[in-house]
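Asks: All chains, please: the whole structure from these sequences, using the hints.
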Amino acid sequence: MTELNDTLRVPREPPKVRNFVKPFWDATRAGKLMLQYDRKAARYQFYPRVAGIGSGSRDLEWREASGKGQIFTYTVARRAREPFRGHEPFLIAMVTLDEGVNIMANIVNCPLEAMKIGMRVKLTWAPMSDGSRLFMFEPER
Amino acid sequence: MALHDSAIVAFAETKIVEKSDRDVWELGAEVLESLLAKTGIAKAEIDGLVMSSSMTGASNPFWSQSTADQLALELDFCQIVDLGGCSATAALARACMAIETGCANIVLCLYADCQSSDNNRRERGGQDWTGLVGYLGPPAAFGLLSKRYEHQFGLDYAMLGKLAVAQRGHAVLNDNACEKLRKPITVEDYLSSRMVADPIRLLDCVMVCDGATGLLVMSKREAEKRGFTKCVVPIGYGERTNYRAGETIVDITETGHLPAGKRAFAQAGLAPRDIASFHPYDDFIIAIMLQLEMLGFCKQGEGCAFIKAHDFTHTGDLPLNTGGGQISAGQAGLAGGSYNLVEAVRQLFGEGGKRQVKNTKNALVTGIGGIPYGRNWTSSVVMILTPNG
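Protein sequences appear in the order of chains P and W. Everything in the first sequence is counted per our numbering, starting at 1 for the first residue and increasing by one. Everything in the second sequence is counted per our numbering, starting at 1001 for the first residue and increasing by one.
Keep in mind that the hints were calculated from the coordinates and are not lab data. Heads up, some of the hints might be wrong.
Lysine-lysine pairs mimicking DSSO-like chemistry, simulated, CA-CA at most 30 Å apart [unchecked claim]:
no.	chain 1	residue 1	chain 2	residue 2
1	W	1038	W	1358
2	W	1299	P	116
3	W	1225	W	1043
4	P	68	P	122
5	W	1230	W	1015
6	W	1308	P	116
Not the full set, but computed from the structure, chain P residues with beta-carbon under 8 Å of chain W [as the list claims (entries may be wrong)]:
no.	residue
7	72
8	77
9	79
10	84
11	90
12	92
13	94
14	104
15	105
16	106
Stretches of chain P that chain W covers, calculated by requiring three or more beta carbons in the stretch to come under 8 Å of a beta carbon on chain W [to be verified]:
no.	segment
17	7-15
18	34-46
Owing to the predicted nature of the structure, the values given are computational and were not obtained by experimental measurement. For glycine and all other residues, C-beta sits at the position ideal for the given N, C-alpha and C.
Replies: Dropping the structure here:
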């Protein structure tokens, strides 16, 4: 089995939070993954935008996601910049959440041999220094 | 008035160098001087400047003006095109528009970037969401794209290697290619090169360099009046920024080259089978294959079979990036795409030297610009050129 780095020891800087994504990062402190819901188009979207990508409407609301989904695609990062340098190899994937959006995240607790497109995954969190948390995913098992 | 009423009367390019000690404006001046010498046109006659954006100039919000000032150009039309790797070809299209609408008579398209020695990039955008996961930018994006392609259609990596080998062979024949890259490679070398972001290997990637190119463009009528017997004319152009932008989950193996290509071919009145040489933007080898599919050289998912059946060397049935492409000649930052374009123009002028293609009826050039969150690329352009006169 090829063990991959879970990147939990990477000293990530908390993200620069633009005012319109503040509710997203605030909710991570309570372990909630929030998605924007475009009421006019009746669908979710990610990453958070200033308007609905389908409708152009600003009538967006934050709704909590189930945190469940499946691997859409992935790559193994063998080379990385700071602060990830030296922590390679690790997994980066696009996960299709059950709400119908793709979200990019590290996949942890998953040896390379187990990784495959279509695999079911569930949400997990990595703490960050400011008390907010970073969403990650791991095999559902 | 139409795109094909404009003519490229001259091209110029500098050697591509990794971490050169030259200023980006010195490279620009070298290009301008060469164009003036080739054409006998006086600097004062140039009244339009259209530039690609540049990583070196990225911190300067007055980049085209500063460059015009440095080169002492007095202009009636001056702009920068910031479509990433599409900028060069899109700038040429805009130069034609400026000429066709009477805004300018003689336009300098200038593409110069010293990204490897003087990178001033700072960005506001989707990387808010990618930096946190250790995403290395383009290699990770193309790793994600390649894995998805493989899942949907299967992927014979030896066929990608065949493209890499053909381009490298062309770089060996190109004195302007980055010297470090002018060594032949084999498919085995490609396959065994180290992984960067699975399944993207080192020999899938570009090496960032410094370099500059340029074109002089005027109306066909003006070119005839001035006695330019050789020129190159754009006969079809398509451009798309964002593909299926309003959808949440898209097939990332389908790209904006699909609509851009349809438009370019329709304008040119040609089909893929008519294309004499192919100069696609090559930031990663798989991008070449995806463009073959999207432009209709073959069906989606059949790129590997198409590659197997064709010869992409300069003497083959579909010569590919005969200057080596950016992967084998070096990527001159955001001027990188201009080397694909200028090589196509060079071939149609019949100045390909050791790598001259036989069939110079036309050439197809593309651009790829920007890497959006979780998709393939932001902008796609396609241009078909033909010699005239």
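Asks: Measuring from the C-beta of residue 94 (chain P) to each C-beta in chain W, is the shortest one below 8 Å?
Replies: At about 5 Å, which falls below the 8 Å cut-off, the nearest Cβ of chain W leaves the hint on residue 94 (chain P) intact, so it holds.
Asks: A closest beta-carbon separation below 8 Å is what the hint needs, so does residue 92 (chain P) meet it against chain W?
Replies: This hint holds: residue 92 (chain P) lies near chain W, its Cβ roughly 5 Å from the closest one there, short of 8 Å.
Asks: Is the interface hint for residue 79 (chain P) satisfied, with its Cβ closer than 8 Å to some Cβ of chain W?
Replies: At 5 Å from the nearest chain W Cβ, residue 79 (chain P) passes the 8 Å test, so the hint holds.
Asks: Answer holds if the nearest beta-carbon of chain W is closer than 8 Å to that of residue 84 (chain P); otherwise answer violated.
Replies: Interface hint status for residue 84 (chain P): holds (4 Å vs cutoff 8 Å).
Asks: With 8 Å as the cut and Cβ atoms as the points, is residue 104 (chain P) at the interface with chain W?
Replies: 6 Å, holds
Asks: According to a criterion of three or more residues whose C-beta lies within less than 8 Å of a C-beta of chain W, is the segment 34-46 of chain P covered?
Replies: holds (count 4)
Asks: Does residue 1038 (chain W) pair with residue 1358 (chain W) here, judged by a C-alpha cut-off of 30 Å?
Replies: Judged against 30 Å, a Cα distance of about 24 Å means the pair holds.
Asks: Can you verify the interface hint for residue 77 (chain P): is its Cβ closer than 8 Å to any Cβ in chain W?
Replies: Constraint on residue 77 (chain P) satisfied, holds at 6 Å.
Asks: Starting from residue 1299 (chain W), check that the Cα of residue 116 (chain P) is at most 30 Å away, please.
Replies: 26 Å, holds
Asks: Using 8 Å as the Cβ threshold, decide whether residue 106 (chain P) counts as touching chain W.
Replies: Since chain W brings a Cβ to about 5 Å from residue 106 (chain P), closer than 8 Å, the hint holds.
Asks: Tell me if the straight-line CA distance from residue 1308 (chain W) to residue 116 (chain P) falls inside 30 Å.
Replies: 28 Å, holds
Asks: Mind checking the alpha carbons of residue 68 (chain P) and residue 122 (chain P) for me, to see if they're no more than 30 Å apart?
Replies: 5 Å, holds
The structure shown violates none of the earlier numbered hints.
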